[in-house]
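**Q** Here are the chains, one letter per residue:
2 protein chains.
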Amino acid sequence: MAEIGPNTRLKVSPFYKSTLAEGVAGFSPYNRMLMPVSYGDLAAEYARLTKGVSQWDVAVERQVQLKGPDAVRLAQILSVRDLSGLTENKGKYVPMCDHRGTLINDPVVLQLDDDLIWYSIADKDILMWARCVAAERGLNVELSEPDVSPLAVQGPKAELVMASVFGDWVKDLKYFWFKQTELMGIPLVVARSGYSKQGGFELYLMDGTRGDELWNIVKEAGKPWDIGPGSPNPVERIESGLLSFGGDTDDQTNPFEVRLGHYVDLDLDDDVIGIAALRRIASEGVRRHQLGIVLEGPEPKEGHWVWYDILSDGRKVGDMTNGVWSSRMGRTIGFALVSRELSPGAEVVVAKDGEEVAAKLCELPFY
Amino acid sequence: MAEIGPNTRLKVSPFYKSTLAEGVAGFSPYNRMLMPVSYGDLAAEYARLTKGVSQWDVAVERQVQLKGPDAVRLAQILSVRDLSGLTENKGKYVPMCDHRGTLINDPVVLQLDDDLIWYSIADKDILMWARCVAAERGLNVELSEPDVSPLAVQGPKAELVMASVFGDWVKDLKYFWFKQTELMGIPLVVARSGYSKQGGFELYLMDGTRGDELWNIVKEAGKPWDIGPGSPNPVERIESGLLSFGGDTDDQTNPFEVRLGHYVDLDLDDDVIGIAALRRIASEGVRRHQLGIVLEGPEPKEGHWVWYDILSDGRKVGDMTNGVWSSRMGRTIGFALVSRELSPGAEVVVAKDGEEVAAKLCELPFY
Numbered sequence: 009m010a011e012i013g014p015n016t017r018l019k020v021s022p023f024y025k026s027t028l029a030e031g032v033a034g035f036s037p038y039n040r041m042l043m044p045v046s047y048g049d050l051a052a053e054y055a056r057l058t059k060g061v062s063q064w065d066v067a068v069e070r071q072v073q074l075k076g077p078d079a080v081r082l083a084q085i086l087s088v089r090d091l092s093g094l095t096e097n098k099g100k101y102v103p104m105c106d107h108r109g110t111l112i113n114d115p116v117v118l119q120l121d122d123d124l125i126w127y128s129i130a131d132k133d134i135l136m137w138a139r140c141v142a143a144e145r146g147l148n149v150e151l152s153e154p155d156v157s158p159l160a161v162q163g164p165k166a167e168l169v170m171a172s173v174f175g176d177w178v179k180d181l182k183y184f185w186f187k188q189t190e191l192m193g194i195p196l197v198v199a200r201s202g203y204s205k206q207g208g209f210e211l212y213l214m215d216g217t218r219g220d221e222l223w224n225i226v227k228e229a230g231k232p233w234d235i236g237p238g239s240p241n242p243v244e245r246i247e248s249g250l251l252s253f254g255g256d257t258d259d260q261t262n263p264f265e266v267r268l269g270h271y272v273d274l275d276l277d278d279d280v281i282g283i284a285a286l287r288r289i290a291s292e293g294v295r296r297h298q299l300g301i302v303l304e305g306p307e308p309k310e311g312h313w314v315w316y317d318i319l320s321d322g323r324k325v326g327d328m329t330n331g332v333w334s335s336r337m338g339r340t341i342g343f344a345l346v347s348r349e350l351s352p353g354a355e356v357v358v359a360k361d362g363e364e365v366a367a368k369l370c371e372l373p374f375y
Numbered sequence: 009m010a011e012i013g014p015n016t017r018l019k020v021s022p023f024y025k026s027t028l029a030e031g032v033a034g035f036s037p038y039n040r041m042l043m044p045v046s047y048g049d050l051a052a053e054y055a056r057l058t059k060g061v062s063q064w065d066v067a068v069e070r071q072v073q074l075k076g077p078d079a080v081r082l083a084q085i086l087s088v089r090d091l092s093g094l095t096e097n098k099g100k101y102v103p104m105c106d107h108r109g110t111l112i113n114d115p116v117v118l119q120l121d122d123d124l125i126w127y128s129i130a131d132k133d134i135l136m137w138a139r140c141v142a143a144e145r146g147l148n149v150e151l152s153e154p155d156v157s158p159l160a161v162q163g164p165k166a167e168l169v170m171a172s173v174f175g176d177w178v179k180d181l182k183y184f185w186f187k188q189t190e191l192m193g194i195p196l197v198v199a200r201s202g203y204s205k206q207g208g209f210e211l212y213l214m215d216g217t218r219g220d221e222l223w224n225i226v227k228e229a230g231k232p233w234d235i236g237p238g239s240p241n242p243v244e245r246i247e248s249g250l251l252s253f254g255g256d257t258d259d260q261t262n263p264f265e266v267r268l269g270h271y272v273d274l275d276l277d278d279d280v281i282g283i284a285a286l287r288r289i290a291s292e293g294v295r296r297h298q299l300g301i302v303l304e305g306p307e308p309k310e311g312h313w314v315w316y317d318i319l320s321d322g323r324k325v326g327d328m329t330n331g332v333w334s335s336r337m338g339r340t341i342g343f344a345l346v347s348r349e350l351s352p353g354a355e356v357v358v359a360k361d362g363e364e365v366a367a368k369l370c371e372l373p374f375y
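Line order of the protein sequences matches chains D and B. Take any residue in the first sequence, count from 1 to its spot, add 8: that is its number in the numbering used here. Take any residue in the second sequence, count from 1 to its spot, add 8: that is its number in the numbering used here.
These are calculated hints, taken from the structure and not from any lab test. As the structure is a computational prediction, the values presented were derived from the model and not from experiment. Just so you know, not all the hints are guaranteed correct.
Just so you know, same-sequence chains aren't split out, so a pair can sit in one copy or run between any two.
Unchecked claim - Calculated cross-link-like contacts (lysine-lysine; reagent style DSBU-like; alpha-carbon spacing at most 30 Å):
| # | residue 1 | residue 2 |
| --- | --- | --- |
| 1 | K19 | K205 |
| 2 | K25 | K360 |
| 3 | K227 | K324 |
| 4 | K360 | K19 |
| 5 | K324 | K25 |
| 6 | K19 | K324 |
| 7 | K187 | K59 |
The following block holds chain D by itself, in its conformation from the complex:
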């Protein structure tokens, strides 16, 4: 393993000093920032997330801000899901595609005002994309990356912590709903959201100078519930069937292939980028689909497997896009992006550095 640290292309988050103080042990670059991915004890982090509560520096979930008279129009052009129901305080998860119908992001979209929208994005330069579309179509909208950095509070006890901080109104937030508020004068958007299936909230910090302050408020408030640091957890998210854009998708993946078809509205206008291509794909049928995969054998030495070939009768039929050891299942499990010929139950082989590992496809999620 080689080292990584902040550099001119890797900005640090407003919570950076706090994560160092918590003993962050590994980073991954994401949206040109350093994302904590480990605090050195992944089993403890998994336990906190699935049984208790954990707090995550997910400042890397950057916002692409659309502001101006054409903000709402541009938002729809960029999204293959119908946004006509979008209102203030109710966010939506939306697939974004390019003109080929290929997935380029899966943000949460938040409308903050009549003319103000945030795309809370996964890892890809959507600011540049949105600027290109707006300029090419002559839209009157200003695009920027505002000073907004989410801190996630995740786990079954997250609601208790958040209610102790903000009051009981947080319990009434439905999934992806949000509220603009303040905490000790720190401007925030509080949303029920987060990259796990354990439930939780995201606090969108709107003043980058106050990250450590916010981190410590949450840390103090969480003490009765043994809160601790964590990060998007590869084991939990695979067990839960949660897609990783860019991790489980490639340069050819459309939403139908990765279980996002129910977020695609094919009757949207043709000016929505990708919708015409998706109509064609829907009528022709997809070539691949995403399933679960369970591997034979004991816990491997490496914790995390990525993009290994899946073979059937000696022929490549797809990729295991991500795989992890699940202690809960006593097996290596993962996501398979495989030919439509293969169904759950099919026995396949994963080819890993010359070795072949027996495996079986299954439905998602695992839990």
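Start from chain D and add chain B according to the hints.
**A** Same frame as chain D, but now just chain B:
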């Protein structure tokens, strides 16, 4: 320092195993790949580059391939430099801008055939950008990232090594000129190019399965000249005044601000992205310009400084975008992106974590 390694968002290069064998000590993410940035002895790497010859894994310089009847037309639309003289075997360095006239890349453009062009890019998702433009304008061109990975051979003795491998014809290549060829059956483009001012070549490997083979051929051929591993060198490139796109530029930087004005052709057609904005900027005059900066004081503990405020009379007047200790000069030197009010010779202050360091602006390059 935390660790980094290959993951689902960080692909490895075809030379990865070779760089591990050479003892690579640090990586930086760049174009979604791991770029070696150190082999543990930066002084030796600097000496090889400036006095001998070194070989670099710069597979991160990805190619964006434009293929089809509208490839040449799209290439011009994407470039604010006149490409009308572009021919096979003669590459050009070109600034790319967005519609605001803001720099989004500074690739080398190579025309390989009448309908086939590569943009050899710096760190930014230009494939997505080019796809957006092509689709919005209805151009008949296929965009892709081909299996092409450059290996750089840099330093005053690079020509001797390359001539020993390929023959004397390499000596006739002028800067950015190139030739498609083969070496032991490995398909290559050989160009006089590279991210240093020490002279050298880039071998564009066109078969990713043969990276270690190519690495070792160059390593063997270079032995008489004590070749060794290296990487784009922050000290050499700052001494030489070489711009780092994304390192010395921000989300507002136009080509005129960073000494690229002579690569901008303002009389290009309006359909060239950014040219209308650049005409406006040129007539109004830029607010900032890029100068060198020399700091007082001894060698700092950290080797590399990025984006510190530059103050004049207690007021922020710009940023020191990158700074390094130059043993040759016995000073910390860097690039300053400062208000046009300030000229070479101006005495300023660099504000670094609460400390203030006296400094003086100067012309570029340092050597």
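**Q** For which of the previously enumerated hints does the structure constitute a violation, in increasing order of number?
**A** Hint 3 contradicted; others consistent.
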